[in-house]
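Peer 1: Make the full structure from the sequences, and use the hints.
The lines below spell out each chain.
Protein chains: 2
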Amino acid sequence: MDLQLDIDNLLADNVGSENGLRREDLDGLAEDMKKFAGRIEDQRGKDVGFMELPYDETLAEQINCKADKLRRWCRNFVVLGIGGSALGNITVHRALNHPFHNMLPIDHPGRGGTPRIFVMDNVDPWKISGLMDVLDGEIPQTAFNVITKSGGTAETMSQFLSARELLENTDGTDPAQQIIATTDSNPEKSLLKRMAQEAGYDTLPIPDNVGGRFSVLSAVGLLSAAVSGVDIERLFAGARRADEACRVEDMWGNPAAIFAAGLYLQHQNGKPMNVLMPYSEALSGLSDWFCQLWAESLGKRKDLDGNDVFRGPTPIPSVGVTDQHSTMQLYQDGPFDKVICFVEVGDPGGEDQPICSEAGEKDLEYFEGKTFGELFGSELQATRAALRTKNKPNCTVRVPGVTPEALGELFMFFEYAVTFSSYLYNVNAFDQPGVELGKEYTYGLMGREGYNPPPQA
Amino acid sequence: MDLQLDIDNLLADNVGSENGLRREDLDGLAEDMKKFAGRIEDQRGKDVGFMELPYDETLAEQINCKADKLRRWCRNFVVLGIGGSALGNITVHRALNHPFHNMLPIDHPGRGGTPRIFVMDNVDPWKISGLMDVLDGEIPQTAFNVITKSGGTAETMSQFLSARELLENTDGTDPAQQIIATTDSNPEKSLLKRMAQEAGYDTLPIPDNVGGRFSVLSAVGLLSAAVSGVDIERLFAGARRADEACRVEDMWGNPAAIFAAGLYLQHQNGKPMNVLMPYSEALSGLSDWFCQLWAESLGKRKDLDGNDVFRGPTPIPSVGVTDQHSTMQLYQDGPFDKVICFVEVGDPGGEDQPICSEAGEKDLEYFEGKTFGELFGSELQATRAALRTKNKPNCTVRVPGVTPEALGELFMFFEYAVTFSSYLYNVNAFDQPGVELGKEYTYGLMGREGYNPPPQA
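Chains A and B are the protein sequences, given in the same order.
Take 1 as the starting number for the first sequence in our numbering and just add one per residue.
Take 1 as the starting number for the second sequence in our numbering and just add one per residue.
Bear in mind the hints are in silico, worked out from the structure with no lab data behind them.
Honestly, I wouldn't trust all of these hints.
Said to hold, decoys possible - Only pairs whose alpha carbons sit at most 30 Å apart, straight line, appear in this in silico DSBU-like list of lysine-lysine:
#, chain 1, residue 1, chain 2, residue 2
1, A, K362, B, K271
2, A, K271, B, K390
3, A, K35, A, K302
4, B, K390, A, K390
As the list claims (entries may be wrong) - Covered stretches of chain B, as calculated for chain A (at least 3 residues, CB under 8 Å):
#, stretch
5, 91–102
6, 385–397
No experiment lies behind these values; they were computed from the predicted model shown.
Just so you know, even glycine gets a beta-carbon here, dropped at the ideal spot from N, CA and C.
Peer 2: Structure (structure tokens):
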């Protein structure tokens with residue numbers, strides 16, 4: 001694959017023996033990592049399915065066909081989803097579409113005739129009533145893609161009920177055309193699937209062995225991507241290349257394994273925080289996606305043996321160069337308690353612009369004849385070097401550009417990395433029991449039968 | 001003031017003795033906090049000026065007058081700034097304007113005839129060329145507000161040079177009308193001020209004793225706010241109320257002092273991470289603003305006595321309910337290493353929408369007759385109760401709504417809180433020496449005279 005991992009600045013050679021790892025430390029994990037790679041192979045396609053997603057050509061064709069049809073009438077495409085049913089969609093849309101997609105005229109080459117894209121990942125009335133304002137008069141030209149694997153997520157199902165009534169109460173609409181339900185294909189498991197069958201909505205499947213945060217390359221992430229003009233075959237191609245690279249048994253030949261091992265050892269070494277800092281505003285969504293993947297997969301009360309361990313590193317989202325003028329002061333000069341993971345892109349996209357031909361001031365002459373791309377790249381180099389000078393461990397994931405292939409590689413790389421990490425931490429990467437109590441309390445407060453509000457409320 | 005702080009869930013009574021504080025622990029800081037309040041009074045209006053900003057009625061009038069004039073011809077208002085010259089602007093715009101401001105027709109009541117607002121807080125060519133696409137054909141109707149206190153910030157000055165050339169090369173433009181420079185008013189201290197004087201640009205001042213991250217209530221944050229229709233007098237009114245409340249010497253009567261003391265003691269107690277989690281998407285910008293304020297002010301290598309201490313808590317941005325489906329799994333079940341600070345708003349804004357009149361399914365009946373606002377509020381209550389049940393310390397800052405007054409209070413509250421915190425940590429809240437090395441390396445890489453690239457590059 002094109003993705004490359006550079007861990008030099010995690011090592012003692014570069015950041016000193018107190019804060020750096022020795023190659024021997026990593027070597028000490030090589031046998032375990034080999035075993036873990038074998039374990040992943042054993043689970044592949046059985047209880048764990050994310051790595052098989054980009055091979056489903058039939059699904060890709062089906063999605064492309066649906067997307068083509070949708071684009072014929074649809075001016076607004078609204079994703080109703082939250083968490084793993086929203087973050088992947090946002091990441092793909094922000095990375096691969098125009099930075100101001102929804103503001104461009106529909107026939108602008110930067111938008112290419114595709115609908116406006118909205119991802120409603122909250123139930124904040126402010127945002128919901130705001131959406132009503134922008135959809136006003138265009139409800140018959142609006143598609144709602146309801147995404148929930150279980151078919152019971154409160155936020156998503158409440159939005160779905162509201163959208164359904166909106167369609168029923170608006171002239172010229174056809175709910176069966178305008179609602180697409182992406183959910184478990186087993187009606188026994190998903191209320192949404194049953195409702196879709198009864199009402200005749202189109203449905204798309206979420207495989208049983210793919211959890212929300214690993215689902216971006218399933219129908220969950222693909223439909224909004226295809227509708228907005230993303231070439232999902234190219235996403236798949238990148239993901240398949242990364243799948244090959246991250247299956248390798250030998251740790252030193254497997255970037256996902258090395259990434260997991262390096263961050264794990266740095267956690268043992270007193271650095272429980274992992275900052276993801278892409279130098280690419282297009283990849284700012286990837287930071288949030290990574291935070292969910294990392295936090296939900298590794299933040300666990302119980303280990304695999306059932307002991308209370310209250311484990312997990314803390315992921316932190318960031319973006320360069322912006323955060324050089326924010327959190328970077330702390331990351332440079334504060335405690336030695338975190339690892340900065342840069343994502344470096346060869347070509348950040350767009351058309352590189354010259355800064356100026358003539359500055360007219362001596363102190364600004366250094367900008368003359370330079371481009372914003374050069375400044376952007378220099379700032380990453382400089383920040384990385386400064387962290388290294390200050391013995392602050394960091395590593396870099398490099399991709400050639402913000403292309404569908406690169407994004408496919410990044411998704412698959414991090415999904416493998418978190419799976420390897422979960423074995424190192426000895427926790428289950430694929431459940432999220434910690435949020436159940438809050439859900440039950442919510443049901444209780446909302447008066448759902450059989451649930452109690454919190455005792456302290 | 002209307003803002004209220006609830007620290008009950010920081011206390012041992014509610015989250016257990018291992019993870020909770022005793023009131024005596026807090027009492028133990030009361031004398032110090034009183035001294036610190038006195039120290040702030042001594043600095044007031046001398047080396048520290050943020051608390052005096054909302055009393056500058058002359059500036060508010062001047063800004064309103066400029067904003068009125070701008071709105072007559074300006075269809076796009078572009079802020080060129082980064083860090084403290086961008087985050088406040090973004091926070092105010094996101095909180096107090098329509099969630100889809102830039103997408104509404106200019107005469108929509110939700111936009112009220114105001115220009116589109118863009119804050120260019122990065123030099124990513126992808127974003128810059130994207131902006132060129134949306135401004136295409138409207139350059140003569142576009143104002144550029146260049147904001148840099150020092151007048152030398154590389155990101156901002158490069159954007160300024162580029163915007164200046166764009167205006168010079170476009171018919172029908174007038175740079176002297178379209179560029180407003182917000183910078184130190186002393187031309188000896190700011191190259192931008194000197195350039196503005198020569199070229200005849202309008203300028204606005206940044207007081208000497210107000211640093212970037214404390215400047216949102218100066219001209220830095222106010223012009224874009226006023227242009228977009230925000231009532232800056234109401235922002236000021238809230239900030240003044242908070243100023244009064246946060247000057248109180250008695251710690252228990254001063255919410256900023258209590259907030260600082262509570263988080264500091266929790267840091268001593270093994271919880272170095274502070275998550276700001278507003279349950280309000282309109283306040284998502286406040287999370288990022290808080291992270292800069294916290295990280296840059298408290299993340300320091302040296303203490304006030306000049307010792308190497310590498311100090312500072314780590315702020316983490318979040319937003320509810322969205323992140324209940326992301327990082328919350330870790331916050332609930334992971335290590336006892338963080339404090340969650342909720343921001344609760346009585347009225348989240350917008351028009352509260354009914355979820356549905358008829359769900360048609362037994363499992364969804366609990367939504368019938370309820371509103372999104374009720375669901376939203378229940379989820380905050382439930383999440384807070386679940387954290388408490390699990391002995392995870394948290395606290396709540398309450399404001400009645402997302403109004404200009406509330407936002408003014410929040411800004412002033414957190415600015416006081418970080419100042420109190422800096423005394424507890426014994427660091428200088430008002431400098432940021434840690435990012436200098438990266439700047440020097442950047443200059444070196446860009447070929448600026450007198451600077452060297454990093455040795456490792």
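Peer 1: A separate judgement is required for each hint: does it hold in the structure or not?
Peer 2: Now the hints, each set against the structure:
1. Using a Cα cut-off of 30 Å, the hinted pair K362 of chain A and K271 of chain B is violated, with the two alpha carbons roughly 48 Å apart.
2. Taking the CA atoms of K271 of chain A and K390 of chain B, the gap is near 24 Å; set against the 30 Å cutoff, the hint holds.
3. Between K35 of chain A and K302 of chain A, the direct Cα distance comes to roughly 22 Å. Compliance with the 30 Å bound is thereby established for this hinted pair.
4. Taking the CA atoms of K390 of chain B and K390 of chain A, the gap is about 38 Å. The hint is violated against a cut of 30 Å.
5. Counting residues of the stretch 91–102 of chain B whose CB lies closer than 8 Å to any CB of chain A gives 4, which reaches the minimum of 3, so the coverage claim holds.
6. Closer than 8 Å: that is the beta-carbon criterion, and the stretch 385–397 of chain B has 5 residues meeting it against chain A, so the requirement of 3 holds.
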